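K.L.:
Construct the complete structure from the given sequences, taking the supplied hints into account.
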Amino acid sequence: MASSIIQRIGAATSFDTNNNYFHRRSFSGRQSSFVVVRSDGANITTRLKPNGGRTHHLVTNAVATKPHTSAASKPGHEILLFDALREGLEEEMDRDPRVCIMGEDVGHYGGSYKVTKGLAPKYGDLRVLDTPIAENAFTGMGIGAAMTGLRPIIEGMNMGFLLLAFNQISNNCGMLHYTSGGQFKIPVVIRGPGGVGRQLGAEHSQRLESYFQSIPGIQMVACSTPYNAKGLMKAAIRSDNPVILFEHVLLYNLKETIPDEEYVLNLEEAEMVRPGQHVTILTYSRMRYHVMQAAKTLVNKGYDPEVIDIRSLKPFDLHTIGNSVKKTHRVLIVEECMRTGGIGASLTAAINENFHDYLDAPIVCLSSQDVPTPYAGTLEEWTVVQPPQIVAAVEQLCQ
Amino acid sequence: MAASYLSKSNKIIINNIKLSKFYMFRSLNHTSSVTDSVFSRRLIHSTTPPPLLNHAGIETGTFYRGFESVSGGRRSHTATSFSEEIDQLPVEAPLQQELNFPGGKVKFTPKRMFTPGSNEERTNCYRVLNENGELIVDNDSFKMSKELAVRMYTDMVTLQVMDTIFYEAQRQGRISFYLTTIGEEAINIASAAALKNIDFVFPQYREPGVLLWRGFTLQEFANQLFGNKYDQGKGRQMPIHYGSKKLNYITVSSTVATQIPQAVGAAYSMKMEKKDSCAITYFGDGGSSTGDFHAGLNFAAVMEAPVIFFCRNNGWAISTPISDQLRGDGVVVRGKAYGIPSIRVDGNDALAIYSAVYEARKMAIEKQTPVLIEALTYRAGHHSTSDDSTKYRPADEIEWWRDDQSPVKRFKKWIESNGWWSDQVEMEHRSSIRKQLSQAIQAAERVEKPPVADMFNDVYDVPPKNLNEQQDLLTKHIKKHAQEYPSNVAV
Numbered sequence: 001m002a003s004s005i006i007q008r009i010g011a012a013t014s015f016d017t018n019n020n021y022f023h024r025r026s027f028s029g030r031q032s033s034f035v036v037v038r039s040d041g042a043n044i045t046t047r048l049k050p051n052g053g054r055t056h057h058l059v060t061n062a063v064a065t066k067p068h069t070s071a072a073s074k075p076g077h078e079i080l081l082f083d084a085l086r087e088g089l090e091e092e093m094d095r096d097p098r099v100c101i102m103g104e105d106v107g108h109y110g111g112s113y114k115v116t117k118g119l120a121p122k123y124g125d126l127r128v129l130d131t132p133i134a135e136n137a138f139t140g141m142g143i144g145a146a147m148t149g150l151r152p153i154i155e156g157m158n159m160g161f162l163l164l165a166f167n168q169i170s171n172n173c174g175m176l177h178y179t180s181g182g183q184f185k186i187p188v189v190i191r192g193p194g195g196v197g198r199q200l201g202a203e204h205s206q207r208l209e210s211y212f213q214s215i216p217g218i219q220m221v222a223c224s225t226p227y228n229a230k231g232l233m234k235a236a237i238r239s240d241n242p243v244i245l246f247e248h249v250l251l252y253n254l255k256e257t258i259p260d261e262e263y264v265l266n267l268e269e270a271e272m273v274r275p276g277q278h279v280t281i282l283t284y285s286r287m288r289y290h291v292m293q294a295a296k297t298l299v300n301k302g303y304d305p306e307v308i309d310i311r312s313l314k315p316f317d318l319h320t321i322g323n324s325v326k327k328t329h330r331v332l333i334v335e336e337c338m339r340t341g342g343i344g345a346s347l348t349a350a351i352n353e354n355f356h357d358y359l360d361a362p363i364v365c366l367s368s369q370d371v372p373t374p375y376a377g378t379l380e381e382w383t384v385v386q387p388p389q390i391v392a393a394v395e396q397l398c399q
Numbered sequence: 001m002a003a004s005y006l007s008k009s010n011k012i013i014i015n016n017i018k019l020s021k022f023y024m025f026r027s028l029n030h031t032s033s034v035t036d037s038v039f040s041r042r043l044i045h046s047t048t049p050p051p052l053l054n055h056a057g058i059e060t061g062t063f064y065r066g067f068e069s070v071s072g073g074r075r076s077h078t079a080t081s082f083s084e085e086i087d088q089l090p091v092e093a094p095l096q097q098e099l100n101f102p103g104g105k106v107k108f109t110p111k112r113m114f115t116p117g118s119n120e121e122r123t124n125c126y127r128v129l130n131e132n133g134e135l136i137v138d139n140d141s142f143k144m145s146k147e148l149a150v151r152m153y154t155d156m157v158t159l160q161v162m163d164t165i166f167y168e169a170q171r172q173g174r175i176s177f178y179l180t181t182i183g184e185e186a187i188n189i190a191s192a193a194a195l196k197n198i199d200f201v202f203p204q205y206r207e208p209g210v211l212l213w214r215g216f217t218l219q220e221f222a223n224q225l226f227g228n229k230y231d232q233g234k235g236r237q238m239p240i241h242y243g244s245k246k247l248n249y250i251t252v253s254s255t256v257a258t259q260i261p262q263a264v265g266a267a268y269s270m271k272m273e274k275k276d277s278c279a280i281t282y283f284g285d286g287g288s289s290t291g292d293f294h295a296g297l298n299f300a301a302v303m304e305a306p307v308i309f310f311c312r313n314n315g316w317a318i319s320t321p322i323s324d325q326l327r328g329d330g331v332v333v334r335g336k337a338y339g340i341p342s343i344r345v346d347g348n349d350a351l352a353i354y355s356a357v358y359e360a361r362k363m364a365i366e367k368q369t370p371v372l373i374e375a376l377t378y379r380a381g382h383h384s385t386s387d388d389s390t391k392y393r394p395a396d397e398i399e400w401w402r403d404d405q406s407p408v409k410r411f412k413k414w415i416e417s418n419g420w421w422s423d424q425v426e427m428e429h430r431s432s433i434r435k436q437l438s439q440a441i442q443a444a445e446r447v448e449k450p451p452v453a454d455m456f457n458d459v460y461d462v463p464p465k466n467l468n469e470q471q472d473l474l475t476k477h478i479k480k481h482a483q484e485y486p487s488n489v490a491v
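Chains as they are written, first to last, in the working numbering: chain A, 1 to 399; chain B, 1 to 491.
Just so you know, the hints here were simulated from the structure itself, not pulled from any lab data. What you were told as hints is all true, and nothing was included just to trick you.
In silico lysine-lysine, DSBU-like type, Cα no more than 35 Å apart, as pairs:
#1 K476/B to K185/A
#2 K362/B to K122/A
#3 K435/B to K391/B
#4 K274/B to K122/A
As the structure is a computational prediction, the values presented were derived from the model and not from experiment.
P.N.:
Okay, structure coming up:
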């Protein structure tokens with residue numbers, strides 16, 4: 001291990017000096033290459049160049065936490081993921097009267113996955129607004145309302161339906177703050193269930209994060225546990241940027257104990273799920289659970305994978321990811337997006353560009369095939385990356 | 001349905017819609033055959049909320065409750081009403097019969113009649129001044145102060161001169177693009193005059209007159225056209241994409257009609273905060289074909305949002321004439337389809353537009369309803385500087401509209417007839433504006449462009465790391481290869 005450290009440091013000094021940003025990072029990285037970065041902001045500020053607000057954001061929004069699987073100091077309460085989202089919504093709506101919700105069937109029906117259940121009777125039909133079926137229109141409505149002072153949360157009944165709203169999201173939501181010269185801000189949250197479910201058919205199994213990731217001006221986050229769902233929901237609502245929060249259809253009934261006290265997570269931060277030494281596995285949303293399942297098998301086989309839930313899909317938390325890569329030198333990306341143009345594709349490019357010299361092997365990316373999701377249960381299962389594939393990939397990578 | 005429920009609270013309306021939405025779904029497979037009493041029992045229900053359903057049905061979120069209560073028991077208070085109707089269904093049914101369908105009572109008719117797609121006569125157009133600038137109505141029924149009239153006319157002239165000079169500037173290569181409002185000066189100025197500055201404007205792109213009325217200076221217009229560092233938009237948008245938060249005018253976005261649902265959203269936020277203001281959005285006949293238009297109007301009606309939909313029907317969508325854009329009697333008839341009060345107005349008559357918008361605003365705010373105004377006019381200029389409309393329409397047609405129907409000329413005749421204006425004053429005003437404009441253009445041309453560093457701001461509230469990196473890279477590159485890049489742009 002020690003020899004490889006020396007090799008690494010030696011390699012660092014011979015970098016091409018034109019790659020200035022790379023150079024800067026390598027210095028900062030070297031000082032702390034073996035410190036595990038947890039999902040708290042405390043460690044990060046010492047290393048990042050104080051180049052303005054973003055670092056301050058990291059400090060003020062992040063909460064110094066221990067991995068929440070260990071016993072909390074105070075007893076929390078057990079909650080299902082959809083309820084955690086609802087709790088986050090409710091707390092924010094209590095806190096700020098400008099927060100409102102709009103979408104199909106969000107009002108008295110309580111939302112297609114019960115995320116907005118009980119909110120309409122509490123806040124009224126105007127603040128939790130049922131809209132007719134026109135995603136482009138109610139997304140546009142949300143943008144207009146945001147420009148005139150409200151903080152709307154726009155729900156797509158299924159993320160796939162938001163394809164109809166692409167024009168508004170790309171051309172207006174993402175751009176108007178910029179093209180108006182900073183005069184108008186668009187603090188919307190666009191959220192909804194996406195991903196491959198259980199036999200919902202191709203049109204209802206979309207991974208919109210691939211399509212939206214290029215839009216300048218928006219932020220994207222994906223939640224995966226009740227804890228981070230609530231925290232990210234609150235952070236997204238408080239952010240002045242348009243944020244797209246990706247939930248997953250199959251994760252709504254996950255149960256977890258979350259703290260009673262208020263907490264807000266950092267939108268741009270990744271989450272360390274399982275620290276390790278041999279390989280960095282980057283994943284998000286539902287695939288996190290497939291990875292953890294594979295991790296069990298891997299541990300039995302003697303491997304020590306480091307699992308990171310990247311959470312922030314745009315921008316990537318290259319700091320956490322970079323530190324991990326510098327430690328393990330091997331990267332496996334496990335995603336649900338299609339192979340072409342997915343989050344994994346972008347992440348592969350970003351890691352290759354920034355951490356090329358730290359890699360001992362090419363990055364492996366496991367994604368869904370470039371096919372529409374079939375309806376038949378067996379076929380559907382095979383379009384999604386399964387734990388045995390992850391185990392096999394790690395074994396191959398660590399040869 | 002909307003009209004009859006305007007006086008009721010939102011909650012009831014939403015409940016109704018929820019119920020009726022459900023009932024529509026459920027009754028899909030049934031025909032409305034009144035002779036079959038079993039069927040009719042199922043279908044007969046009331047759209048006024050049965051008190052029992054209010055809490056029970058909503059809390060559990062199970063909709064079949066409502067259905068069962070009608071078909072199963074007599075809990076619903078419509079029990080008495082429907083049993084009456086059952087009794088009234090003999091084999092030879094009298095002509096006057098009605099049924100409480102989801103959405104309201106509907107009368108039946110044995111006459112199989114298709115409503116024609118369009119009527120013989122088109123919807124009438126509201127006009128107050130004729131081509132000679134004479135009031136058609138009684139002088140007393142239409143009053144406008146000299147001050148307001150003169151201010152309106154002055155701004156119409158300013159707009160006209162501004163358009164001419166900026167258009168020429170584009171032709172000379174000083175700015176890259178421009179689009180004129182020739183022929184629609186009355187629409188711009190008169191509608192702006194009838195509103196208040198707190199009313200939010202969601203423009204398409206042919207409404208700079210609204211900004212002008214509210215106080216945007218000629219210099220500010222020029223700065224945006226040149227994209228210099230004083231531009232409110234920081235040089236990020238094409239020419240004519242003005243925007244001003246101060247004047248409550250949303251930055252123009254090139255996408256057609258996307259501003260329509262946004263205006264509904266703004267109206268919704270005003271409704272929520274109970275503001276004494278409305279939103280207004282402008283679009284053309286072309287924009288009225290888009291999906292956003294239909295959904296936006298529908299939403300506004302359902303939500304009872306205080307928004308004015310102003311359609312500038314100028315007969316042309318670039319090269320597409322109105323006959324290729326739509327069938328049916330223009331845009332005004334669509335309002336009725338959505339349950340929105342609408343009016344057709346002579347777009348070249350400043351007084352009619354003023355009066356219509358003034359009243360529309362009052363209606364929108366007091367009654368919390370959207371309003372649709374269709375102003376018929378003609379796009380007397382080309383679509384933009386990238387267009388030569390003589391390619392697709394006859395030059396004499398353009399000339400006739402531009403000269404004979406000119407809204408500016410017409411209004412001028414009226415104010416002159418009142419003794420409020422003269423040719424001398426006109427000449428002075430025009431030459432003063434021309435001078436101001438040429439000064440503004442020269443000044444704007446000389447001001448430097450925004451710095452490269454500004455390119456990365458405002459994408460987000462605070463620039464994220466990746467953008468800072470990209471900015472860094474670009475800055476270093478430019479500094480290293482300074483001779484390849486313009487020297488008068490700051491880095």
